[in-house]
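> Can you build the whole structure from these sequences, using the hints too?
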Amino acid sequence: MRAGAFRCEVIARCLESQGEWVLASRSVGSPRLALRWLQEWAGRLAETPGSEEGETSPSSLHGWPADRRHRERRAALLAAGRPVRFLVDVVDRMGGGGGTVAVRYTLSCRPILPARSLRPMPAEFPEAV
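Sequential numbering of the sequence shown, starting at 1, is according to full-length UniProt numbering.
Here are the in silico distance ranges between beta carbons for each label pair: (1) Gly81 / Val101: 28 to 38 Å; (2) Gly99 / Leu33: 31 to 41 Å; (3) Ser30 / Ala102: 33 to 43 Å; (4) Arg69 / Gly99: 33 to 43 Å; (5) Arg36 / Arg82: 10 to 20 Å; (6) Gly99 / Ala76: 34 to 44 Å; (7) Arg104 / Gly43: 12 to 22 Å; (8) Ala5 / Gly99: 37 to 47 Å.
Hints in this document: simulated from the structure, not taken from any laboratory. We put the beta carbon where it would ideally sit given N, CA and C, even for glycine.
Spelled out as structure tokens, the structure:
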């Protein structure tokens with residue numbers, strides 16, 4: 001089933017406190033635009049300071065946007081109506097106090113399928129066991 005649009009998100013999760021924040025989201029019209037948007041956000045996250053002075057986020061954030069084969073595979077998945085996501089765990093600074101916290105960034109995109117491709121909900125749901 002062909003998607004008409006794609007919903008992209010960047011989410012930060014604090015692994016210690018179980019908190020979750022949507023940093024950005026956007027709907028775009030093609031797999032290529034979706035991947036370009038995710039690449040831009042990967043670059044932004046890669047340039048944020050890490051836990052040590054002068055350190056940056058993991059190299060996977062730098063390498064992912066540059067990997068052409070990876071991008072082509074992800075574009076094909078999106079074009080086929082499949083979601084894609086990229087996870088990276090980092091240690092970020094917390095405020096001005098110098099403490100650190102483990103954060104998982106999720107960069108994801110999912111197709112927005114036309115309404116006619118959705119199955120109708122059943123009239124009744126079975127009782128919970």
